[in-house]
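Generate the whole structure from the sequences, applying the supplied hints.
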Amino acid sequence: MLDWGWIGDHLPQLAFRTAQHLELAAIALAIGFAISFAIGVAAARWRVLYPPSAAIAGIVFTIPSLALFAAFVPATGLSILTAEIPLVLYTLVILLRNVVAGFDAVPADVLEAADAMGFTRGRRLLRIELPLAVPLIVAGLRVASVSTIGLVSITAILGDALGGLGFFIYEGMTRFFATEIAVGAVPTIVLALVADRLFLWLERAITPWSRRTRTATAG
Amino acid sequence: MRIPRTLALGASVLALVGACTTGGGSSAPSTSTAASGGASAPASAGASPTIRLGSDGFYEAKLMAEIYGQALEAKGYTVDRTGIGVGARKVSAPALESGQFDLKPEYIGSGLAFYEPGKQTGDPKANETALQAVLKTKGGGITVLDYSPAADQNAFVVRPETAQQFNLTTMTSLGAVASQLKIGVATDCDTNPVCAKALKDAYGIDVTNATKLAACDTPMAQALKGKTIDVGELCSTQPDIAVNGWVVLQDDKQTQPADNIAPLVRDDLLAKLPDKAGFEKVLNDVSAAMDTATLTDLNKQIAVDNKDVAVVAKAWLQSKGMIS
Amino acid sequence: MVAADADGDGRMTFVEATVRWLTDPASWEGPGGIPARVVEHLALSVAALLIATVIALPAGLAVGHARRGQGVSVGLATVGRAIPSFALMGLVLPITQAYDPANGFTIYPTLFAMAVLAIPPILVNTLTGIREVDQDLVEAARGMGFTEAALLARVEAPLALPVILGGFRSATVQVIATTTLGAILAYGGLGRYIIDGIAQRDDGMLYGGVVLVAALAVGAEALLALLQRLAARRSAEPIRANT
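Protein chains in written order, with numbering that gives the first Met the number 0: chain L, 0 to 218; chain F, 0 to 323; chain G, 0 to 242.
It is worth saying that the hints were derived from the structure and are not from the lab. Some hints here could point you the wrong way.
Which chain L residues stay away from chain G? Per the calculated CB distances, all over 12 Å, these [stated by the list, open to error]:
#, residue
1, W5
2, L10
3, A18
4, A25
5, V47
6, I79
7, R123
8, I127
9, L131
10, L201
11, P207
Now the stretches of chain F that chain L is said to cover, found in silico as 3 or more residues with beta-carbon under 8 Å [as the list claims (entries may be wrong)]:
#, stretch
12, 57–71
13, 74–82
Just so you know, even glycine gets a beta-carbon here, dropped at the ideal spot from N, CA and C.
Printed below as a string of structure tokens:
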């Protein structure tokens with residue numbers, strides 16, 4: 000079964016790789032969120048922006064992730080940047096949809112009432128639309144965090160320096176070493192589940208008036 | 000031609016790089032710190048710039064890079080390991096050329112074939128000379144140091160039952176019965192002069208309908224093991240061969256190129272070294288001390304005994320008295 | 000910007016190489032030609048989507064309707080999303096290969112991994128879509144005497160259809176893009192161009208393959224988006240008890 004001795008010997012590496020995994024995922028989520036939020040707000044304001052942004056994001060998603068990661072190496076070198084660019088792109092794809100959906104979910108009559116009450120566009124965005132869009136946005140973050148945590152493993156193809164927990168998965172697969180694969184895969188899944196629960200809690204905390212939990216849908 | 004191994008299923012096989020995939024092939028600036036003093040400073044490893052190591056993604060390449068690295072560290076050099084395991088040759092070669100790392104272990108036959116397909120031969124000296132000629136023009140000049148007796152070449156391998164059933168010992172004996180067997184070849188076999196054409200011309204083996212898999216890698220070994228194929232194209236130092244008792248068919252007509260290992264070093268690093276001769280000696284001594292049998296055994300320790308690459312490298316260097 | 004040219008007739012940019020490869024009639028002929036590879040690719044993708052649907056759709060409908068078991072379902076979907084497909088392929092390979100040395104190597108591992116990939120979006124969207132149906136409508140229908148099954152089939156499912164189709168859309172795009180992995184285990188499909196393009200240093204083939212995959216995925220998505228819009232328009236019509 001599992002080689003517990005090997006696991007015990009490699010705890011420091013496991014800790015290092017877990018921290019690296021979280022770091023890579025957190026950076027991708029933060030940047031991805033910032034960008035998709037900016038684009039999403041703009042797209043909600045100027046509807047015409049949405050189809051092209053969604054199309055570009057959608058096409059990026061179809062490029063096999065391995066190809067995308069390696070394609071950046073000659074330009075950005077062997078650095079965190081090379082790993083982060085595709086990760087951010089994939090995060091964008093998921094979040095953009097949800098951000099726009101969030102703003103779309105604001106009922107039209109609420110917007111009209113706000114306008115009637117004399118809100119400027121800016122204040123309306125900040126005080127009315129944003130709070131109402133938040134549940135779907137946070138739901139999107141939930142899905143994006145899980146997906147990103149999964150994708151970080153693939154950065155292992157960029158070399159030993161990166162990869163997070165994916166390092167163990169790859170090395171374990173080249174030598175048919177089940178324990179090592181498990182050491183990579185199981186914590187990855189655990190991290191994903193924890194992230195999922197965290198954002199679920201955040202969702203509930205932000206929207207105390209919602210009795211049902213909102214599950215982010217894909218598309 | 001030796002096909003570079005890939006990391007796990009799918010990993011670096013899809014790790015591709017065109018020289019200009021993202022528009023603008025400007026190379027990343029070299030980041031090695033030049034710490035050496037003036038011309039009158041005594042040669043000392045401590046004053047040398049950091050040696051940045053790089054390698055392909057499969058464990059044998061990482062092992063060689065780690066061995067060279069540890070040997071250098073023992074002599075006082077500072078070593079940076081960021082570039083180890085970056086992917087297939089298609090990624091690591093441009094990375095070396097553009098200066099993202101300085102030192103990389105290479106297989107002289109396959110390395111030559113990468114730049115000049117068709118020029119590789121069964122003679123290691125000829126391959127080294129030709130490779131050096133090509134690399135002089137790449138990335139500002141790259142030097143091929145002495146090659147090792149250790150070579151990792153393409154080997155066509157069968158299960159022992161198959162060998163017994165058809166009386167197989169050499170590639171010629173395979174040629175006689177090839178049409179009855181399922182053959183696995185490298186994904187680039189069709190266009191590779193030392194593969195499809197050589198197999199046809201020398202042994203009469205037709206591989207047009209062969210199963211195409213990354214040579215020398217886990218899928219090929221697994222396919223052979225599980226009887227998806229009967230003949231697999233593996234690498235001679237792959238531990239799977241010994242572990243499974245597979246039979247290597249002798250390349251009696253010498254179609255496969257000599258693939259000895261040699262370190263490639265960027266000329267701009269060599270120029271910055273206060274003690275270039277000493278540096279080269281460290282690497283050459285390591286290369287001379289390695290041979291094919293030992294390499295196969297070290298691979299086994301990594302892939303079968305599941306020892307860490309760094310641990311295996313250190314133990315071997317210690318056994319050779321190169322580090323304490 | 001130059002890329003190596005496989006037949007050595009001079010250097011060209013990778014864009015030119017790709018266009019050349021795509022417009023070369025030879026690329027379209029034979030068992031290795033584009034039409035054949037597209038068919039192989041779609042065959043595997045569709046098979047995986049069918050398997051995923053058979054598993055995820057009923058489960059999603061049941062969980063969504065009963066309004067129970069959402070936590071577990073979403074948890075499973077989360078786990079499914081977090082595992083890299085190639086790792087799944089590697090884990091399943093020895094088992095399927097023992098069962099069938101030929102297809103158990105080239106087809107089944109990829110099929111399995113792609114089905115697992117497709118399940119989360121279909122499952123989550125289906126159960127969410129059903130749950131989000133206006134409960135007043137559901138109660139009213141119950142009051143009118145609908146059985147639970149009829150309720151699900153005639154009220155909830157049609158109203159949830161746009162969201163459910165959204166799940167299919169997402170699953171389809173992901174599966175089409177990721178079926179390329181099958182080529183690593185000697186399957187055909189469009190992944191063959193990518194893998195062989197790398198091995199043979201034929202950038203035209205390589206990027207041609209990427210373009211084809213993207214086109215196929217975008218095309219499938221556009222089709223499903225259209226269906227989704229049609230479904231949305233239909234579900235806006237009032238439900239009548241006797242239709």
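Item to check | Non-conforming hints, listed in increasing numerical order | outcome: none
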